[in-house]
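Asks: Chains as they are written, first to last, in numbering that gives the first Met the number 0: chain A, 0 to 150; chain B, 0 to 150; chain C, 0 to 413; chain D, 0 to 413.
It is worth saying that the hints were derived from the structure and are not from the lab. Even glycine gets a Cβ: it sits at the ideal position worked out from N, Cα and C. A couple of the hints might just be wrong.
What the hints assert, rightly or not - Below, a sample of chain C positions facing chain B; criterion: calculated Cβ distance under 10 Å:
#1 Gly142
#2 Asp163
#3 Gly166
#4 Thr169
#5 Asp347
#6 Ala366
#7 His377
#8 Ile410
To be verified - Here are the simulated SDA-like cross-link-like pairs (lysine to any residue), alpha carbons at most 20 Å apart as the crow flies:
#9 Lys144(D) <-> Ile262(C)
#10 Lys121(B) <-> His26(C)
#11 Lys78(A) <-> Met98(A)
#12 Lys121(A) <-> Gly25(D)
#13 Lys127(B) <-> Ala91(B)
#14 Lys78(B) <-> Asp134(B)
#15 Lys19(A) <-> Arg408(D)
#16 Lys19(A) <-> Met98(A)
#17 Lys78(B) <-> Asn6(B)
#18 Lys42(C) <-> Glu304(D)
#19 Lys127(A) <-> Arg54(A)
#20 Lys127(A) <-> Asn96(A)
#21 Lys42(C) <-> Glu64(C)
#22 Lys42(D) <-> Arg261(C)
#23 Lys127(A) <-> Ile262(C)
#24 Lys127(A) <-> Arg261(C)
#25 Lys78(B) <-> Phe122(B)
#26 Lys127(B) <-> Ser7(B)
#27 Lys121(A) <-> Thr4(A)
#28 Lys19(B) <-> Gly346(C)
#29 Lys144(C) <-> Met375(D)
#30 Lys144(C) <-> Gly25(D)
#31 Lys141(B) <-> Leu84(B)
#32 Lys127(B) <-> Gly267(D)
#33 Lys121(B) <-> Thr406(C)
#34 Lys121(A) <-> Lys19(A)
#35 Lys127(A) <-> Lys42(C)
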Amino acid sequence: MNEPTLNSLYQQLILEHYRKPRNRAELPEHTVEIHMYNPVCGDEIRLQLRVDGDRIAEAKFIGQGCSISQAAVSMMTVKLEGATLAEADDLANQFVNLMHGDEAAARDRSLGDLRALQGVSKFPVRIKCALLGFDALQEALKQSRLEAPAH
Amino acid sequence: MNEPTLNSLYQQLILEHYRKPRNRAELPEHTVEIHMYNPVCGDEIRLQLRVDGDRIAEAKFIGQGCSISQAAVSMMTVKLEGATLAEADDLANQFVNLMHGDEAAARDRSLGDLRALQGVSKFPVRIKCALLGFDALQEALKQSRLEAPAH
Amino acid sequence: MPAEIEVFDLPFLRAQFPALDQEINGHPLVYLDNAATAQKPWKVLDAVAQFYERDNANVHRGIHELSRRATEEFEDARARIASFMNASEPAEIIWTRGTTEAINLVAGTWALDNVGEGDEILISTMEHHSNIVPWQLVAERTGAKVRYIEMDDQGRLLLDQLSDVLGERTKIVSLAHISNALGTVNPIAEITRRVHDVGALMMIDGAQAGPHRPVDVQELGCDFYAISGHKMCGPTGIGVLWARRELLEEMSPYQGGGEMIRIVERDGSTWAEVPHKFEAGTPNIAGAVGMAAAADFLEEVGFDEIAEHERTVVRYAVEQLSQVPGLRIYGPDSLDERSGVISFTLGDAHPHDISTILDSEGVAVRAGHHCAQLVMRHFGVAATARASFYLYNTTDEVDRLVEALDTVRGIFGA
Amino acid sequence: MPAEIEVFDLPFLRAQFPALDQEINGHPLVYLDNAATAQKPWKVLDAVAQFYERDNANVHRGIHELSRRATEEFEDARARIASFMNASEPAEIIWTRGTTEAINLVAGTWALDNVGEGDEILISTMEHHSNIVPWQLVAERTGAKVRYIEMDDQGRLLLDQLSDVLGERTKIVSLAHISNALGTVNPIAEITRRVHDVGALMMIDGAQAGPHRPVDVQELGCDFYAISGHKMCGPTGIGVLWARRELLEEMSPYQGGGEMIRIVERDGSTWAEVPHKFEAGTPNIAGAVGMAAAADFLEEVGFDEIAEHERTVVRYAVEQLSQVPGLRIYGPDSLDERSGVISFTLGDAHPHDISTILDSEGVAVRAGHHCAQLVMRHFGVAATARASFYLYNTTDEVDRLVEALDTVRGIFGA
Ligand SMILES: Cc1ncc(COP(=O)(O)O)c(C=O)c1O
Ligand SMILES: Cc1ncc(COP(=O)(O)O)c(C=O)c1O
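Extracted from the complex, chain A is given alone in its bound form (with noise of 0.2 Å):
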């Protein structure tokens, strides 16, 4: 068998992200906030967005957990911010391709720093870790259209 490999797992990046997240604070103006908890392991994350119209105009959260559900966050706020919904919807869409292996979503630049995360996708008992930020984002994005006006 062919052990997936630590290194694969633990990029320089998500660690630089774990140690110094990005958009860690919090946003009292936010037009939505979903908090996310993991009872299993106990990482939590509580996610803010300000969604202006149909783009997010500014995400930040609050969160604690291990490397992988902070780094995750924290890599996913840097790409929202100014990303309309539909792209944030195809964001964690292709987040979760990843996860689950999808070549094609290791080569997506539009991962941005996100691609150092697929090591994890060799780790199965720490994809959930990786996807909690997402779970959040997913929820959030569902309530913003609910809340939206119909066009």
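Please build the complex by placing chains B, C and D with the ligands on the supplied structure of chain A, with the hints as guidance.
Replies: Relative to the frame of chain A, chains B, C and D with the ligands by itself:
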């Protein structure tokens, strides 16, 4: 292994007592009545004694169950009529010995017809059937002594 | 003995059950106590052994490899049983110790929360004690009333009187799919429709059905369905409550402890998602794995083939037993209305004596009230002898049973 | 590595545990997750297999030979565990699924019957969720209050404040003998005396004690004691509640069903004798047989020897881990006050990351809140990593743990 034989279990005397139980009747003048029920198999016996001083003047029972439990109680009541409480106690003890395979008990004439039950000792799951009536007797003796005026 | 209609390779099938291959009191074992518990095939024993020898760890909270494997096998087993019962999703499968605990779970959560003074719980006089006592305990604590559907003299539910006992006050109805004491197969889908018509919930005690026929909870349309692993070739100590997700979502938890919580605070706690909300503490992990292997086993043999084979054996058994002088069979006359359970008495020989005598010839049947005292009272007997058949039994074994009954007649002179 | 003090033949002992003999991610497995569940020796696996292959039947109601054997083995197992815990008689042993169910049983029967509005239930912030949530549920239903004994900064109970929280209103106290999250060994006999002084009952959660030391319920003088089979080398899905007979006699039944009744009537039922009153439905028969075999196994190895060996390994582990830069151990400083559980954090590496990295080198530890969220909150951490040792662990394995922690430090640059 030497299988226990059915013939040693189902002696003709047992079937006789099962079909025509002795002392199977209500005893309205009883001084003590004990109801024994085996919830595992559903066998039951209501034993009634009329104790006069330290003697059992009469012993009757109402019951239903397997050939072993009903024959044993029938045989027991035959031995009880006229016995002192001490003799009844001895009878119960000796019968318990018989059930535990005691050789001396098997030769003890004072057990009377009850010796026909010695084959039961080879069928462990049926021993409790044979003892049901004696369980009732021992309880009845205990109560009779408690109620009797102290000497 | 008739020519065996070989729907499957019977000697090969029997060879998979180690316990069948032994002598009892000098005779080859004839195991006819399947309604009490079934024997286990190697496939199940190997699945359990392999779990312990290779993958044993506690589930759900671990990151290390063994814990991952144990969790995966445990949850795969849940998914396996979900498909076995045709549940809409694995989360509708709650692991319990068996049917008894499954019924207690519904009684202790849904019923305590939803049944009140003056309400009615409807069961029948055919039920196993496990489907009577939990409801009596609910009635005692809530002031509700337990009512009974009666049986006819063939041990069939009197469904033409159903509208007398089923009504607006009925909150829940709980009935056996198949009776363990009589073998009666109840028209449970039809009853479920009538129960839903009055707005009550329908629980089915499937302890005797799961082992013998495909259970399709969606087709039945019921609300709760319970089965036991040990009666369907699986291990002891494991069983399943299936319930519709909407019900599980709103139900209170049952036992409290590890696994079933979300957040524990000093002053109170919140609950984990369904199904974990109902599974406090370390579960019977190896039991779940073994029960899933049993489901695999039964489906590989094929429920159609099992049913056809059992029908052959039971038809022959009823024919042969009917010719034994003094023997009386309880339950439905029609083979279409009964499963592989044959309850009987023989002259004035007490069932315990019958069982002892059969055992001395290697034939294992049960004698007693079969946890169905109300059935015994209905037929005015204290006990019956019960021969219950399963996929591995043969018509040869029926002959062995009948021969041994000759010995009973010899002794009791019937 | 120090010269191993060989209190028993360790290679021989380890060879009895099939699961220990495997590679994980290319490295020999180092299993340090024993507080979650223990591995099983052949003796236990063989006892379970033999039961199914030879003696499998349902218990208590049968006359035939297999049923006799199954009943005898099941009741012998009860007697075996009675002597293992030094109960006064086998009837004081109630089979449950595990410690969690044992605590729920006491909460759901004794406590619901005896605890009322304004009464108090005393536990501690050190408890496993299984010894918190059942009492919160009782409090919710009865209007009683759950109070807590606090811990000091070494994770020891603040017993000098015991008289502040223990008083006339206290009806029952329930505490862990040994903490699963910190390894703290509580002076449980002394606490029991003080609890009895105020007239309350004492329940002990022995999930972490039973596997490691002889439990003597009579010497402890407590009222209820719970253990889990799977943590003491036995199967999953089986455990024991011990209680004094007088208490069991007066307690209400827990679940209703087969086995636990005496007479079932339409309008209500009466209960079987202790212990059967508390054991509704088909029990985990093979589990009970396996748990008894585990008790045999542990006593054959010898609890004195086990304790001495574990002391050696744990002392060495604490020494070595204390030298890892950035590593913090939680729980008592003194080895006399702790058992084989070592909870720790390492720099800013999250426990899940620690566990993943250790696992990649074959070292299995647990990471998380260990079902003790109140402990985590007490120490202001969300999670810890936990290495927990058992009789088969070696000082070599401690070295493997420490080496793997070097890899963690390499990655997280601690
Ligand atoms: C201290 C303590 N109490 C209770 C439990 C619950 O035991 P089980 O999961 O076997 O029911 C555990 C184990 O997880 C424990 O360590
Ligand atoms: C019809 C029926 N219901 C319930 C039960 C109880 O099942 P278990 O003992 O597995 O909990 C049984 C089996 O004894 C049964 O036959």
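Asks: Hint by hint, say whether it matches the structure.
Replies: Checked hints:
no. : hint                    : result
1   : Gly142                  : 28 Å, violated
2   : Asp163                  : 31 Å, violated
3   : Gly166                  : 35 Å, violated
4   : Thr169                  : 31 Å, violated
5   : Asp347                  : 7 Å, holds
6   : Ala366                  : 8 Å, holds
7   : His377                  : 15 Å, violated
8   : Ile410                  : 5 Å, holds
9   : Lys144(D) <-> Ile262(C) : 19 Å, holds
10  : Lys121(B) <-> His26(C)  : 18 Å, holds
11  : Lys78(A) <-> Met98(A)   : 17 Å, holds
12  : Lys121(A) <-> Gly25(D)  : 15 Å, holds
13  : Lys127(B) <-> Ala91(B)  : 14 Å, holds
14  : Lys78(B) <-> Asp134(B)  : 15 Å, holds
15  : Lys19(A) <-> Arg408(D)  : 18 Å, holds
16  : Lys19(A) <-> Met98(A)   : 23 Å, violated
17  : Lys78(B) <-> Asn6(B)    : 24 Å, violated
18  : Lys42(C) <-> Glu304(D)  : 38 Å, violated
19  : Lys127(A) <-> Arg54(A)  : 27 Å, violated
20  : Lys127(A) <-> Asn96(A)  : 13 Å, holds
21  : Lys42(C) <-> Glu64(C)   : 24 Å, violated
22  : Lys42(D) <-> Arg261(C)  : 37 Å, violated
23  : Lys127(A) <-> Ile262(C) : 19 Å, holds
24  : Lys127(A) <-> Arg261(C) : 16 Å, holds
25  : Lys78(B) <-> Phe122(B)  : 24 Å, violated
26  : Lys127(B) <-> Ser7(B)   : 17 Å, holds
27  : Lys121(A) <-> Thr4(A)   : 9 Å, holds
28  : Lys19(B) <-> Gly346(C)  : 15 Å, holds
29  : Lys144(C) <-> Met375(D) : 47 Å, violated
30  : Lys144(C) <-> Gly25(D)  : 63 Å, violated
31  : Lys141(B) <-> Leu84(B)  : 10 Å, holds
32  : Lys127(B) <-> Gly267(D) : 27 Å, violated
33  : Lys121(B) <-> Thr406(C) : 19 Å, holds
34  : Lys121(A) <-> Lys19(A)  : 25 Å, violated
35  : Lys127(A) <-> Lys42(C)  : 33 Å, violated
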